[in-house]
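Undergrad: Let's have the full structure, built from the sequences with the hints guiding it.
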Amino acid sequence: MKPLHTLCCLLLLTATSYAQPTVPPQAVEPGVSLALATQRRNDISQLNYELHFQLPAEKSKAIAGTAAIRFQLANRPALLQLDFKAGDYQVKTIAVNGKNIPVQLKNEHLLIDGKYLVAVKNTIKIEFIAGNASLNRNDDYLYALLVPDRARTVFPCFDQPDLKATFDLTLTVPSPWKVLANGAKTDSLVKGNLTTYRFATTEQLPTYLFSFTAGKYTALHQNPGSRAMEFLHRETDLNKTTRSVDSIFIAHRDAIQFMEHWTGIKYPFQKVGFVAIPDYQFGGMEHPGEIQYKASSLFLGEGATKDQFISRSNLISHEIAHMWFGDLVTMKWFNDVWMKEVFANFMADKVTEKLMGSQTFNLKFLQDHYPAAYSVDRTRGANPIRQQLGNLQDAGSMYGNIIYHKAPIMMRQLEKLMGPEPFQKGIREYLNKYAYQNATWNDLIAILSKHTKDDLYEWNKTWVNQAGRPVFNYQVNYSGNKINKFIITQQAESGPSRVWPQSFTIKLVYPNFTKIIPVKIKGQSLDLASMKDLEKPLFIIFNADGTGYGRFPVDKAMIDSVYQLEIPLERAAAYINIYENTLSGQGYTPVELLRLFTEGLQKEQQEMNLRMLTGYISTLYWTFISPEQRLDYSTLLEERLWTTMKQRSQGNQKKILYNAFENIYLSKKAGQKLYSIWKTQEAPAGVKLIEDDYISLALMLSLKSDTTLTVIDQQIARTDNVDRKTRLLFLKPALSSRVEDRDAFFNRLSQRENRQKESWVGSALAYLHHPLRQYTSMKYLPKSLSLLTEIQKTGDIFFPTSWLSATFNSYQSKAAMDIVNEFLHQHPDYNPNLRGKILQSTDHLYRNQQLLRP
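Residue numbers (the working numbering): 173 to 1026.
Keep in mind the hints are simulated off the structure, nothing from the lab. You can take every hint at face value.
What follows is a list of derived Cβ distance ranges for each label pair:
1. Ala729 with Ser848: 42 to 52 Å
2. Ser530 with Ala356: 32 to 42 Å
3. Pro683 with Glu800: 37 to 47 Å
4. Gly270 with Asn247: 17 to 27 Å
5. Lys657 with Glu630: 27 to 37 Å
6. Ala607 with Gly667: 31 to 41 Å
7. Thr948 with Val671: 47 to 57 Å
8. His997 with Glu630: 34 to 44 Å
9. Asn395 with Asn835: 40 to 50 Å
10. Lys622 with Leu706: 37 to 47 Å
11. Ala199 with Ser419: 45 to 55 Å
12. Ala199 with Asn926: 28 to 38 Å
Don't be surprised by glycine CBs; every beta carbon is placed ideally from N, CA and C.
TA: As structure tokens, this is what we get:
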């Protein structure tokens, strides 16, 4: 304890230091700049939000809110900026330390003169009207989704990830409604037709992880292991709920147990709760205590494929992994948002490996991550894993396939470089050191570097800080029938010269045996001395284990035997590599590759590989061959798919082939066959179709019919679930055979209120711009591009990419490419992140100019 006179002197000095502001004001500009965030992080601590929202039953009524924001100040700013992206009318009153002050709202900030602030402890109380945009209000339910910087659209706050806070939440809702939030419910009070719920104080959370949901849900409670769990949903299909609910609880239990064991840290939050939301924007979002999921990803009916079950397990494991990576330890700034996503995907894959075995894990890892990563990294708009960010209002553009799919590949290579045990030790040290705090990628690299002799900083330069992928080649010399020299080389596909240190395998195939050659390349070339004096093989499989990243050479002798390769992983790696070379103008033409993959329909017996083949077939068919070639080939492809489906004995494989048939069919005969299936609801023998499948079929029939059908109207009448019915009503005009209806629908998308259900909008755009409708939809392209900036500002994080992909993904013509080029030419100073998204999403269109050129 300090002597009394010393304490008095310190208090006097502190009071004197607050006589004048000690921190000059930051510019008041939209969003949250890095400079503003840095200043506030230096000044503010011990942050708590006490929030109360009154949620009316009527969607049209305003949501009243109150906030008490308590914090300590190390230095008094001349001007304190609270983030609130709202209109003047939304702030009713504001009081600072018990004194009412004038409301000053400028450029998305509530401004508080420093003279109202005091030494150390401050309280700001605000009465306000909550913003609706990120509360996702529906007729009888709503949910808060505030990532990355949307908390400020709902309530006044310091909306930056490195100002973690505790939250005390109160919700007043219509009495029939159920509620779920980050904290556990502590008590409730019924008054008239309203119920007020109070929730326990949360652990330290950034604002983007604060969340709640309320509405007409079914509430389920189970304790499948050592802790109770709560689950809210709106699913009405008993077939789905009966088959899914227990598995959903168990998957959460298994993922938590795995993460606790691997990290050595107990589940770090007070409760486990999750909600299934119809037509949710994402697959899931990792709010502690209130994980949000897309309902269709959780509820699987009897027609679900093996891959869907694996994907559900992987999704749940991903969100649970976030409890440690992102929630317990959070990035300081959103330029490191990829850190939480890479570990969530990486750890989810480890859960899959434990539950389903290494063979399934390796195959799923390859199929999930590599094609998706290549779809961006091969483009002119490729971005590095770690990007720069000056203002949080642009944070949404950080998200994409690079952080979700290339980053896990990078992390797997890092684990191989360090070794599994040193890698795990380093990660455990990182989690313990920064628990309930914030950390950067450099903080993690510094810790991992202590557990390896390799130079991780040098390794980091190419893998993390630069975009693109390598292209591998090889040189082989033979002396007689033996290998004399074998050199493998790598070079950047585009951009500056650089190398990707990594490991993979090469497989030599002989008449009666095979030989695996491990490759660990650190430079531009590697002389594989271990291959000297080996016999000349029948053919070579490059990247045989599927772990290498880049475009690998294809041995033409291997292609002739690709379907005879015994290991499914090797076949999958070969399919990916052949496809990537084709898109780069190497080897097969798209028509030739389509024929090769069609041949594989009858030969490929592995379910996940069959799904990948049919996916490639669909892309080649609709995007990379000409309309004339498509018409010539459609009948053969229809017959092959239908015949193969009938021959297969496994229901999952039948379903995959049936779905491919429904996707590609063009003939009148095929259309009549599918219409009969839809009308009678009698699926082909061995194929299990549920309501979702018949809805998809109704939409496809409407798209491909030449005359106006009543299929959608009849499907709407058949559908009991209110959420699915509402979706069909939304999509109906996008599928109309009348061009005027489709034009009117697209024009309505200019209004923000008509884009609220982003997954619906993405589906509608895909129908509007389907290759069969492009003769009337190309006129939408300029407006689609001009809306992108607004889409980025008003939509959720994945919406700009889904908007662009659904619009441009299957265009082929030079006229469409000219529209894109003209837009970019007219906007030389366009937002670079959005420019990159345009180049990424139009990569198929760009490549078609070379692939379809006479």
